[in-house]
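Each of the two chains sits in its own frame; use the hints to bring them together as a complex.
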Amino acid sequence: MERSHGFWADAWRRYRRRPLGMLALVFVGFLVLVAALAPAIAGTKPVLCRYKGRIYAPCLGYFDRRLEPAIFAKDKFRGTYPKNLAEKDPQSWAIWPLFFQDPYRSVRADEWPGRPENPAMDQGRPSRMHLFGTDQAGVDVLAKMVHGTTVALLVGFVSMGIAGSIGIVVGALGGYFGGWIDMVTSRVTEIVMCVPTLVLILAVLALIEKPTIWHTMAIIGLTGWTGIARLTRGEFLRLKASEYVTAARAAGAGPWRIMLRHILPNALAPILVPITFGIASAILTESGLSFLGFGPPPPSASWGSILNGARSNLGMWWLVFFPGTAIFLTVLAYNLVGEGLQEATDPRLREARK
Amino acid sequence: MTATAAPDRVAPLLEIRDLVTAFDTPAGRVPAVDGVSLSIARGRTLGLVGESGCGKSVTAMSILRLVAAPGRIESGAILLDGPAGAVDLVSLAEPELRRVRGGRIGMIFQEPMTSLNPVFTVGDQVAEAVLLHRRCSRAAARERALEMLQLVRLADPERRLDEYPHQLSGGMRQRVMIAMALACEPDLVIADEPTTALDVTIQAQILELLADLRRRLGTAILLITHDLGVVAETCDEVAVMYAGRIVERAPAAELFRRPLHPYTIGLLAARPNPDAVHHDADGRAVRPPLVTIPGMVPPPQHFPAGCRFHPRCRYARGEATAAGPACSAAVPDLREVEPGHFVRCHYAGDLGPPHAVEAFRA
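Protein chains in written order, with this note's numbering: chain A, 1 to 354; chain B, 1 to 362.
Fair warning: there could be bad hints in the mix.
[What the hints assert, rightly or not] Listed below are several chain B residues computed to face chain A (Cβ distance under 10 Å; list not exhaustive):
1) Gly106
2) Pro118
3) Ala129
4) Leu217
5) His226
[As the list claims (entries may be wrong)] Stretch by stretch, here's where chain B covers chain A in the computed footprint (C-beta under 8 Å, at least three residues):
6) 59-70
7) 242-248
In short, the hints are calculated from the structure, not lab data. Every value quoted in this text rests on a predicted model; they were computed, and no experiment measured them. Note that CB positions come from ideal geometry on N, CA and C, so glycine has one too.
This is chain B alone, in the form it adopts within the complex (with noise of 0.2 Å):
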């Protein structure tokens, strides 16, 4: 599996190798990200899905080494492909560390309201993100800090410059995070729910707008939310993570065409159907009941042993199909199923027909 075994494969821009990053509460060792192994190509965009608490974010945080105290990366590696060979981010120094931030690596953020300092301008605040990488004139930061709002096509971006964050509307100031982000055109942008604080027609600017900057300056994403519907959208490669661990990865359209991880197909199951309204004899819209997936994802402290989801899963239950005893007793391996299709179930591919969504909607 190492990049040296498979010639004719490129190294991958950034291979996650079996994170593990925990907390350490006065309740105990709190492992929010488990084993968590993800690798992104140049120029693709891998999106990495679950529900809130399942450590998506605390992933995205790891690889920048900003997660805070009492949260500490715990094992694995973290490497970056450079012109040099892959660094380990999880053991880089420090000073090293910096110019990967913001330099290699530029990172959007979910809360745009409260992601810039209030009290500097909009073109400072740019301005400083160049700084920080680039040996370069303040007036030369500027012009560039003026020709990233331009690409990132905020309006009226010469007035803009001199404005501070509290005069710019959500969509604005992510826009300016973009901006900032792409500054010192990193190879990697890590996008934290980027438009989860967004109303839906900002949303879909802003995501249209990540994916026309990927296709011309070749940078890759790595694009963390909950929304199934944005990764349809707008990326290459899936993964989905659950308690803490990747629980399937495959390319988004074989993930969406043959979801095989009883947790994914749960999540496929639940997106409200459109199609599946139909009219009364009264022409009153009838809506099938949303489909949910029953129970709490569990908080770390009682991750349940084998396999994470098996509480929740129906086959597990016995209600569907040929599921056992080993969904309690043993952790299932991240296992590929099909060619660049893995799954973390130890029952995948043989739930029996229908894989799908159907069996949820039964």
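Here chain A stands alone, though its shape is the one from the complex (with noise of 0.2 Å):
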């Protein structure tokens, strides 16, 4: 006998049928895993060591400065912990990252025992100490990008979590109420859909005094949130016609269980697929902004930012290939999601697929 299933059980069945969807679902796990073990994967802080008697994880600094233990600012490590740890407790041991290289800054000679300084300038192609090259600076590209990651993670998701919070809210109050509360949403809506969002965010950024990617996730979301709420409002229009819908007011029920209980639900899978596209062009938007130079400031990395280190000497093709790859797969991953969800959601291609 079949087991009983629900509607996202039976849309994930057919999700899981798509190869491309699937292979994309992959790709994006691992990005996540990626940028969860950034510290672990590339960096010149030890992911675990033994100071003094006690255990310390100095790779967690990488997250947040403030979450790098005291004791080593104390003891005067200045952020060179190989050499340190030896001269400094004999004792100590230390696991260190999978790659011993900084994303932020040029590991100077000698700071891994016997190794050289890496190179700068155009003398920093790919190599088997430098997998994916290094920049002008000298920075490891490997390292830079595994812990940008994280920021093409973050503002896909940041972003669009902002702006389907804001979509969905607003799209409901004007589909579910209509009269003039849709008449204020619609127009709000309409409004903010003529804002240029790369022209605001330029703006936005020569104005404020220290620009952090926040500000431009902020930005994306609250731009970009027109196109789900004006889905979610013909979605609420249409659901609210229902005859569940009536079924349940009949019931007793009050109008914010049945937008949150009886229509969401239902409205949420064409929903979620505009939002789907949405992470993969906030992050076609980061890293264009970053290759133009208004990214994230030069201590953090972004796929992007190595793209526009590229721009004065396109000899180094290495850091355009790499990054410029990256964000590719990226946002070809997200599209393929955004497409086997509308696929294995809409009930039109559903039937049509059987």
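Pasting the structure below:
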């Protein structure tokens, strides 16, 4: 006997049958893994170390400066662990990241016993030591890209999280209540739709004293919700008139319960699709900004800002090829996930492909 | 006619007085329900009969104020009797109205295929109906849901509880709808064409179930249908609606025995009559042609003046007996022609013998 399954279980079953969609999903999963493990993949701070009788995880400093144990600052490590650990506590040990390379600076000579200084400028072509090469300043491109994965993912999720929340709330209110509320929300949506995102970001970044990646994400989110709002409004308008919503009202359900429990779950599938595409386009926007030099300021890694480095010297092809490929694959993956989601949840396409 | 005037008569559970529900369309005001008065006693079944578009569903939706915009209740009262006296549902505030919906009045819809939310299990939906009106734990609500599914005789209720609507057949879904409507033991259930979308054998089962539940739970039922056979089997009283108005109201047996309004007479005559089938020389069945009422129900924008049925009425056209110019001139009142038998026709009772069905078959 077939086990009972709900709408999402059903959609997942259909999604799984699409090899490209699954491949894309696996790729997104891989990116999440890389982002979460970035300090353990590439870095100059030990993943785990024993120092003066206690165990520390200095690599967490890559997520947030404050997570780096204070004792290393007090003992004047100055970010150089291998030598200092050995000199200041002979009994110490450490587990090092997979690649001893820093995403934010060039590794100096003898920082790792017996290793030469990172090559800089156009000398840094890919080699055994530096799989993806080094940039003008001698920073390892692989390390930069591994740490930049976080930015790429965050840009997508945070900006579309903001856009999705605003879009769903605005669209739901307008679609469900109609009347003057719909009038107001629709007009606001149309006004926001007219705001050119890129120009607004450039203007805001110029005004803010210390722009960060969060500002960029916030602006992408605050301007990118219009399509989602329109779609949500349409879905709510359609489902509001459905018989099971009337039945829920006849059973005594209030407007909020009807919106959240009866309409939203049924409207979610079509809304998720543009959100997925939105993630892809947010990543492209951020990369574009970084390429133009409006990305996060230097001590942070973003794929787009590596591309920016290649502008001055096109001979350094590895500065274009590797991050460019990463951006391309990521955007492609999100688009494939979106497409898969659409086909797995759209009843009309569903019937056609049975 | 008020309840106080007749002390021996108990106040009806639900009394609708002169209900007018109209739709404001770009083409103007369309009164779908135009001065309907009805009453239902506790534990009784009232059948509301009429053709499509006569306003019977709008009447039902008006009771729970579920008429969607641009429709609205323009005037009238809908009095629901309760422990603290009658409340008027037309003017009741939204939060109190929500307690009535599902709590004191349950509703069953025509389309069991689309009246259940596709993303939740059957058990969840019945339990939700319980939780909306009772303070109890989720587990207790689920327990109650199971009990309700057993009550409506859904096969294998434990398993069905965790199934989704698309896994159930139409008849099973309608049983679930009935379970939801009855979950909080309402005083009244409005069943809006509950069997129209089902096939004939399932129809009979569902009607039998409704009748049985009414006997056991003492729930009054407002049964809306266009099927006179259904009315004959299940109802205590019948109201016939035509073009937004009640044209005849009587106890069921009385109505079928002695219909007094030409429209009702026509409707009863239009039923296929298996007794009239005879066989010709070759043994082939010869069926008399089905009787029809000429014309169509006029759209509400084009209701005729006077009696709204008169353009289609054979009496008014002078084909049968003594009807006359009053038909197109004045709106007839709903008169009590015989005790408990109300008719909205100028000539009710004077149409001459036979009042009945045979006049149409002539």
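Status of each hint after checking the structure:
1. Gly106: 8 Å, holds
2. Pro118: Result: holds, 6 Å to nearest chain A Cβ.
3. Ala129: 5 Å, holds
4. Leu217: Result: violated, 17 Å to nearest chain A Cβ.
5. His226: Hint on His226(B): violated, closest Cβ of chain A at ~19 Å, above 10 Å.
6. 59-70: With 0 residues in contact (Cβ-Cβ under 8 Å with chain B), the coverage given for the region 59-70 of chain A is violated.
7. 242-248: It holds: at least three residues are needed, and the region 242-248 of chain A offers 6 whose Cβ sits within less than 8 Å of chain B.
Hint violations for this structure: numbers 4, 5, 6, all remaining hints satisfied.
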